[in-house]
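Undergrad: One letter stands for each residue in the lines below.
Protein chains: 4
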Amino acid sequence: MLKTETKKKVIDAAVYYFNTKGFDGTSVREIANKANVNVANISYYFENKNGLLEYLISNFFEGYLKVIESRFDELDKRSAKECLLLVVKDILLYQKSNRHLTRFVLRELTLDTLLIREIMTTYLAKERYYLKTIFEIGMKQKEFKKLAIPFIIIQLKGMLSMPYLHPQYLAEVLHVMPNEEYFTEQYYKEIERWVNAAVSEPFEKTVKTNNQIALSI
Amino acid sequence: MLKTETKKKVIDAAVYYFNTKGFDGTSVREIANKANVNVANISYYFENKNGLLEYLISNFFEGYLKVIESRFDELDKRSAKECLLLVVKDILLYQKSNRHLTRFVLRELTLDTLLIREIMTTYLAKERYYLKTIFEIGMKQKEFKKLAIPFIIIQLKGMLSMPYLHPQYLAEVLHVMPNEEYFTEQYYKEIERWVNAAVSEPFEKTVKTNNQIALSI
Amino acid sequence: MLKTETKKKVIDAAVYYFNTKGFDGTSVREIANKANVNVANISYYFENKNGLLEYLISNFFEGYLKVIESRFDELDKRSAKECLLLVVKDILLYQKSNRHLTRFVLRELTLDTLLIREIMTTYLAKERYYLKTIFEIGMKQKEFKKLAIPFIIIQLKGMLSMPYLHPQYLAEVLHVMPNEEYFTEQYYKEIERWVNAAVSEPFEKTVKTNNQIALSI
Amino acid sequence: MLKTETKKKVIDAAVYYFNTKGFDGTSVREIANKANVNVANISYYFENKNGLLEYLISNFFEGYLKVIESRFDELDKRSAKECLLLVVKDILLYQKSNRHLTRFVLRELTLDTLLIREIMTTYLAKERYYLKTIFEIGMKQKEFKKLAIPFIIIQLKGMLSMPYLHPQYLAEVLHVMPNEEYFTEQYYKEIERWVNAAVSEPFEKTVKTNNQIALSI
DNA sequence: CATGAATGAGATTTCATTCAT
DNA sequence: CATGAATGAAATCTCATTCAT
Chain A
1 MLKTETKKKV
11 IDAAVYYFNT
21 KGFDGTSVRE
31 IANKANVNVA
41 NISYYFENKN
51 GLLEYLISNF
61 FEGYLKVIES
71 RFDELDKRSA
81 KECLLLVVKD
91 ILLYQKSNRH
101 LTRFVLRELT
111 LDTLLIREIM
121 TTYLAKERYY
131 LKTIFEIGMK
141 QKEFKKLAIP
151 FIIIQLKGML
161 SMPYLHPQYL
171 AEVLHVMPNE
181 EYFTEQYYKE
191 IERWVNAAVS
201 EPFEKTVKTN
211 NQIALSI
Chain B
1 MLKTETKKKV
11 IDAAVYYFNT
21 KGFDGTSVRE
31 IANKANVNVA
41 NISYYFENKN
51 GLLEYLISNF
61 FEGYLKVIES
71 RFDELDKRSA
81 KECLLLVVKD
91 ILLYQKSNRH
101 LTRFVLRELT
111 LDTLLIREIM
121 TTYLAKERYY
131 LKTIFEIGMK
141 QKEFKKLAIP
151 FIIIQLKGML
161 SMPYLHPQYL
171 AEVLHVMPNE
181 EYFTEQYYKE
191 IERWVNAAVS
201 EPFEKTVKTN
211 NQIALSI
Chain C
1 MLKTETKKKV
11 IDAAVYYFNT
21 KGFDGTSVRE
31 IANKANVNVA
41 NISYYFENKN
51 GLLEYLISNF
61 FEGYLKVIES
71 RFDELDKRSA
81 KECLLLVVKD
91 ILLYQKSNRH
101 LTRFVLRELT
111 LDTLLIREIM
121 TTYLAKERYY
131 LKTIFEIGMK
141 QKEFKKLAIP
151 FIIIQLKGML
161 SMPYLHPQYL
171 AEVLHVMPNE
181 EYFTEQYYKE
191 IERWVNAAVS
201 EPFEKTVKTN
211 NQIALSI
Chain D
1 MLKTETKKKV
11 IDAAVYYFNT
21 KGFDGTSVRE
31 IANKANVNVA
41 NISYYFENKN
51 GLLEYLISNF
61 FEGYLKVIES
71 RFDELDKRSA
81 KECLLLVVKD
91 ILLYQKSNRH
101 LTRFVLRELT
111 LDTLLIREIM
121 TTYLAKERYY
131 LKTIFEIGMK
141 QKEFKKLAIP
151 FIIIQLKGML
161 SMPYLHPQYL
171 AEVLHVMPNE
181 EYFTEQYYKE
191 IERWVNAAVS
201 EPFEKTVKTN
211 NQIALSI
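Chains as they are written, first to last, in full-length UniProt numbering: chain A, 1 to 217; chain B, 1 to 217; chain C, 1 to 217; chain D, 1 to 217.
One or more of the hints may lead you astray.
Which copy? The list can't say, so a pair holds if one copy fits it or any two copies do.
Capping the alpha-carbon separation at 20 Å, the derived lysine-lysine pairs in PhoX-like fashion look like this [said to hold, decoys possible]:
1) K146 <-> K189
2) K140 <-> K49
3) K145 <-> K9
4) K49 <-> K66
5) K7 <-> K34
6) K49 <-> K21
7) K7 <-> K146
8) K9 <-> K21
9) K21 <-> K189
10) K146 <-> K132
11) K145 <-> K49
12) K49 <-> K77
These aren't lab readings, by the way, just hints derived from the structure by calculation.
Between the sequences and the hints, there should be enough to build the whole structure, so can you do that?
TA: What follows is the structure, encoded as structure tokens:
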């Protein structure tokens, strides 16, 4: 554990600055200074600045996918809607507990780089598969309306990422504090409302049971 | 209004690179090279690189707000829902016709800088005022459900920005082409569905009339 | 002429240091300091440190080949031996008047790099062609003995380069001053002796006339 | 004499890289990686990188001089010319069997450093003494022409080192393979030709006997 | 209005070396 | 005897900016 003390300090400092100033807006020296270690450690542990970037993004998506996968594996025991809502809840919680990393990764995803292209063809393709499958099953079971799945995914992902990409906007313009305890719970309910109103079949009976899902933050 | 050729070339090149590589990831030399002009022109026309940034972002929001305002001014002649949908449509069209600039500005908004803070307290505060007022009127008129307005705005803005922040994701992961003609129309319908299902009062009679709003792209 | 003052100063300083400390043993800062210009000028004029290397080496060989070529073109007017001796003389003079550059280039040629490989397939292949042709004609005309040309070239080039690769050795070990006026003349005579004794046919009559070639240093 | 495995591996790796990339162009990490040992071993065994350099160069010259000395000691039993040719042969063989080290050392000798100056005042001064003495005796015995000894040494050393400094040039430009079996033998004959034609007195009777020296490679 | 030359500051990376284990 | 972690120094390179023309 002590062996990687330095590495951990670098990661924390990097996430901090990448979050606020962006990857290109942050110098390795700043990171090293904040981490109170020598600059050369960045090369030592991550080869170079870009290696640090890759490490952080990959790391983020490893955890992200694990969260989705573990809910996806319960699809046989649960209804599609239940499953979808649990995925939504878990993603919100994952993003909440990694909010600096999340903002930075989501921002980085908007660039046209080789790395991002690779991320898309691996992690994001998998994510799409899981979501698509959940929606397909839900539609087959008549839980969900027959909708264009890609467009549903766009809306869902838009909603899931918005508060974590723009926390400053929420706080300073809308006066909603995305870092405070109850925000996630409240926002989860909003997405649930959207699922119920815009995705689920109105007369679906399973709605009731799903309402019982509570956020344990 | 009649910009010199050089200034215009710089702007185009800057938007191109800022869109794909980000502001900090782009050097003024790259911009000058692509624009086929001398680097010193950037200082000449925009004082410095940051001036170019400010110019582009302000420019974006000037146009953006004008679009919202002109619909907002029709609030007396139209129902809140009609107005909201027209605003949605116009924003989509504005973003579509400035897609490179839009992606870059939306990305830049995720940073914590002085400039962005200023943008928030000016342009985005205004935008919030317009949206809030539309929703308030709609609720008062019983067109809209009584909902937490900030949360509605979060969802709306999440949906509005998603395809323009992540065109690559739409194209390569979801195989939806956000730059093709019919996308905006289709996506507009999705947001309309959301307004009808999750925002509007279900028994609202005006729903019918609103369906008539057609996108003239 | 004033435009390239800086470039020229960089070149001079680079040649000076590359000569004594080698390319990898010299830092761009040292060069810039000696040249009394800003380090960035090296990137500005030569792209990077390696560009400076390429420039200097190419430059050397452009001049080197021009010297050989102009004598080679006189092959119709002169005997092969005369021509060979004039080439020898001119190479010695060229190396003498570029002694720092010469030592550095000859040393660099001993490395296994891409650049050197390219130099070999271009400049040195040409040089070999000229020398080979001179020897072939000389043999055909019975001026020269029938010898293995590559081996003659090895010996010739070994002799031509030795004093310019190892001036320090000549000075400090052999107490021969390769930079002093009369050295070139004396050394030229040695090579002429080698040509007469080891290359030329002993009964060749042209030997006499060739002796008249005097070095005008 | 029995080096630790690690030390030997370091030496081999160092010679390999110094040969192809030069001393300054090689990092201790590269050496350690190739040798499959830890970097710190280099400091441990050679104090520092420069210590490794000194070790290798000294080592080379110890062996080099031993080769010359053992022939020199036979001067009483043999003619000067015989002796000279045996020295030539042995140097060629020594360089051949240490070709990587040889190229690197010969290249390093072209630099102006303290270490090289020391090498010159020790090893190379000795070498000069041996060669000079052989030539002087030969001249006294009328085996050799009365020539300027330093100039003879320059030529001899130029010929001896050329193929080992520029193996790439021989291979790729002249298509002579200095590493193949028969090269040394053939090249030795060339130098012998030079000795006979340009150094020896033409009517010298000992020439015959010397022809019997055969290379046992 | 536009340019090429030049610069100073700083960013990233490399490197030899050290030290505790 | 050997290692992995860590460092300080320096090397290369990049960048925004300035200035004379």
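Undergrad: Evaluate each hint against the coordinates.
TA: Verification of the hints:
1. K146 <-> K189: Between copies only: 15 Å across, 23 Å inside.
2. K140 <-> K49: neither (47 Å within a copy, 54 Å between copies)
3. K145 <-> K9: neither (48 Å within a copy, 48 Å between copies)
4. K49 <-> K66: neither (26 Å within a copy, 42 Å between copies)
5. K7 <-> K34: within (13 Å within a copy, 26 Å between copies)
6. K49 <-> K21: both (15 Å within a copy, 16 Å between copies)
7. K7 <-> K146: neither (49 Å within a copy, 50 Å between copies)
8. K9 <-> K21: Answer is within: at 18 Å inside a copy they meet the 20 Å cutoff, but 28 Å across does not.
9. K21 <-> K189: For K21 and K189, neither the intra-copy (31 Å) nor the inter-copy (36 Å) Cα distance is at most 20 Å.
10. K146 <-> K132: Classified as within: same-chain Cα gap 12 Å, cross-chain 32 Å, threshold 20 Å.
11. K145 <-> K49: For K145 and K49, neither the intra-copy (46 Å) nor the inter-copy (50 Å) Cα distance is at most 20 Å.
12. K49 <-> K77: neither (44 Å within a copy, 56 Å between copies)
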